[in-house]
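With the sequences and hints as input, model every part of the structure.
One letter stands for each residue in the lines below.
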Amino acid sequence: MSDFNPTILAFCCNWCSYAGADLAGVSRLQMPPNVHVVRVMCSASVKGEYILKAISQGVDGVLVLGCHIGDCHYMTGNHRTAKRIPVVQKLLKDVGFDERRVRLDWVSAAEGEKFQRVITEFVEEIKGLGPNPVREVMS
Amino acid sequence: MARIGVFICHCGHNIASAVAVEEVVKFARTLPDVVYSDHNLYSCSEEGLGSIKKSIEENKLDRVVVAACTPRTHEPLFRRLCEQAGINKYLFEFVNIREHCSWIHAKEPNAATEKAKKLVAMGVSKAALLEPQVESESGVIPTAVVIGGGLAGLTAAASLVAQDIDTHLIEMEGKLGGQLNDISILAPNFEKSADLLNKLVSELKKSERGHIHLGAKLVDVKGFVGNFEITVEEEGVQNKIPAGAIILATGTQEHQPEGEYGFRKAPGVVTQLEFERALQRGEVPKRVVFIQCVGSRQPGREYCSRICCNTSLKNALRVVEAGGTAAIIHRDIMSYGAAWEELYRQASERGVAFFRYSLEDKPRISAENKHILVEVFDDNLGEGVTLHTDLVVLATPLVSRDDSGDVSRMLKVPRDKNGFYLEAHVKLRPIEFATDGVFICGSARWPSSAREVMCQALAAAAKAAIPIKRGKVVTEAITAWSDPDKCAGCGNCVIACPYEAIEIVDQDGRKIAKVNETQCKGCGNCVAACPNDAMQQRGFTTRQLSAMIDALVKRALEESS
Chain E
1 MSDFNPTILA FCCNWCSYAG ADLAGVSRLQ MPPNVHVVRV MCSASVKGEY
51 ILKAISQGVD GVLVLGCHIG DCHYMTGNHR TAKRIPVVQK LLKDVGFDER
101 RVRLDWVSAA EGEKFQRVIT EFVEEIKGLG PNPVREVMS
Chain F
1 MARIGVFICH CGHNIASAVA VEEVVKFART LPDVVYSDHN LYSCSEEGLG
51 SIKKSIEENK LDRVVVAACT PRTHEPLFRR LCEQAGINKY LFEFVNIREH
101 CSWIHAKEPN AATEKAKKLV AMGVSKAALL EPQVESESGV IPTAVVIGGG
151 LAGLTAAASL VAQDIDTHLI EMEGKLGGQL NDISILAPNF EKSADLLNKL
201 VSELKKSERG HIHLGAKLVD VKGFVGNFEI TVEEEGVQNK IPAGAIILAT
251 GTQEHQPEGE YGFRKAPGVV TQLEFERALQ RGEVPKRVVF IQCVGSRQPG
301 REYCSRICCN TSLKNALRVV EAGGTAAIIH RDIMSYGAAW EELYRQASER
351 GVAFFRYSLE DKPRISAENK HILVEVFDDN LGEGVTLHTD LVVLATPLVS
401 RDDSGDVSRM LKVPRDKNGF YLEAHVKLRP IEFATDGVFI CGSARWPSSA
451 REVMCQALAA AAKAAIPIKR GKVVTEAITA WSDPDKCAGC GNCVIACPYE
501 AIEIVDQDGR KIAKVNETQC KGCGNCVAAC PNDAMQQRGF TTRQLSAMID
551 ALVKRALEES S
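Chains as they are written, first to last, in our numbering: chain E, 1 to 139; chain F, 1 to 561.
The set of hints was computed from the structure by calculation and includes no laboratory data. Idealized CB from N, CA, C, for every residue including glycine. Among the hints, a few may not be true.
Said to hold, decoys possible - Sample of chain F residues at the chain E side, in silico, Cβ under 10 Å:
#, residue
1, Pro71
2, Pro414
3, Cys523
Right, dumping it as structure tokens:
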């Protein structure tokens, strides 16, 4: 599937990872155009349902990016994210999706380069996994 | 049906060089609820703002979407514009097609244009579901509390009382001044620190607005901006101080380099602060060697403590001044700023010797009769050098205080990985916390020189005075609320809330969650914790975010078919 052009959703927290994404932009760091950022105030406000909804409707991959552990602007929010995402991954796996379609990572406001790396790697990984199997059912 | 207007910004060439702006405008017109779409060369310019305002009025728009740069800098501007045009400012949605699109896909104009369309479709779908919001207001107790009576806290408190604000200064030690008491001279101007200290203390004491608490332990902090309650223990008695704003100025401590360079084992090896105390007693050795970066800029503690090079330059000059000799063994001299650079130049001219070592080959110390021998491989000379000295001063970094974790939990403010307090934004909000009404200054935030500490303290005092002088606080309407019809009163949200802003209350005979909106900081942690979809965050409702996902899916399917 060399012409596979994945559609990817990324939830970024306002304080760290969204700012990190902004920094990547300001620094003109180039990366694949497959990722669409949704700004949320804290990674821990991302309901598992959003991720399940996106994957079940054919989105090829979902990224959840937050502040590094210890740097959360709401003190402990990202601890909750760190617990929640593995549960979502397991749920997806149990119903037959590859859990690698969902990834949690930490990007600080100072880590434009890390944002670029995470995006680039994730797009490569999703390309390797191929299209979300749900897509065939839908089209 | 909403009447949405979509405005796509060229940002000169910044967006337009990668994104086909006019194509995105045409696409936006095909989206549900969009009744108007246009483009601007610079949306944020006077001309751009004027044209958007005119379009809002002419087309009776009730929702506005601007696709341009980042909401982190420009959202307030466009929200204000909406207000001026008679639309509630929360009926505005920002789409980022510069930082998140044109700048990072500069060489792929087709893909960038398609992505911009998806982002706009997502923004429009959210905008259709936005609701007008009313920001809540509450009163402010006209009193400030400053925690920490060192240079930062004293400067802040003196500035607050000068602004005629009742100020309580909480100091855990028996006297004011903190580390300033150990330092006799402040560089780069070589002023006497005692003069500065006396001036600040007398300003505070002579004002009837100043209330000094010595030997006072911080026990608890409750409340929110405008309405804090700080519990302090003095002589075994707990007192509660009501306050509208809090300034955190707890300072820092010097790293104790146990086991390094014979510290505490060999005589004649001291830390910089111990050397400062010796200088204060008038003890100036004939020969002094300073070793920089002891315990910093190395694995385990990577940061540069910023003040140590300058302090060693100052003290080396004092040794030379007293007729002695001094050498500074460093890894890089960081004498940032014009005044400090001048100090470095003076030190070089007056015979202070500089040697440069590398992390892989640290200097070695041994004792010989009454001398200390310091052997160093100088990177610049490319050969080993042996120095005879009377005293070795280890320039160790300032580290976060041992009690900073306790204070951070009490005030609900974050710390970085090194334990220093983390400001809301390093450039845009450097002396504020994300928690409203709590401000930070001095070396508790990051190692700072006396001058920097005072600048920060004055800034913090100015910021803290704003809510107090204004007499009211406005909370951004991104707070959470709970739908009483859906809430089962399980209390998951209560546990998830980092700010104790939610409580379970009785309503019509059943238990439901209730959010205190002044205390809510809008993190949305409760939303994801709610199993019943009862908890919602304004501006980030589950319907709004779901609509964005739907819009992305829809556009992706259209594109692939």
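Quiz item: Is the hint on Pro414 of chain F kept, meaning its closest Cβ partner in chain E is under 10 Å away?
Solution: Pro414 of chain F check passes; min Cβ-Cβ to chain E is 6 Å, inside 10 Å.
Quiz item: If you take the shortest Cβ to Cβ gap from Pro71 of chain F to chain E, is it below 10 Å?
Solution: Because about 7 Å separates Pro71 of chain F from the closest Cβ in chain E, which is inside the 10 Å limit, the hint holds.
Quiz item: Measuring from the C-beta of Cys523 of chain F to each C-beta in chain E, is the shortest one below 10 Å?
Solution: At 4 Å from the nearest chain E Cβ, Cys523 of chain F passes the 10 Å test, so the hint holds.
Figure legend: structure checked against the earlier numbered hints; every hint is met.
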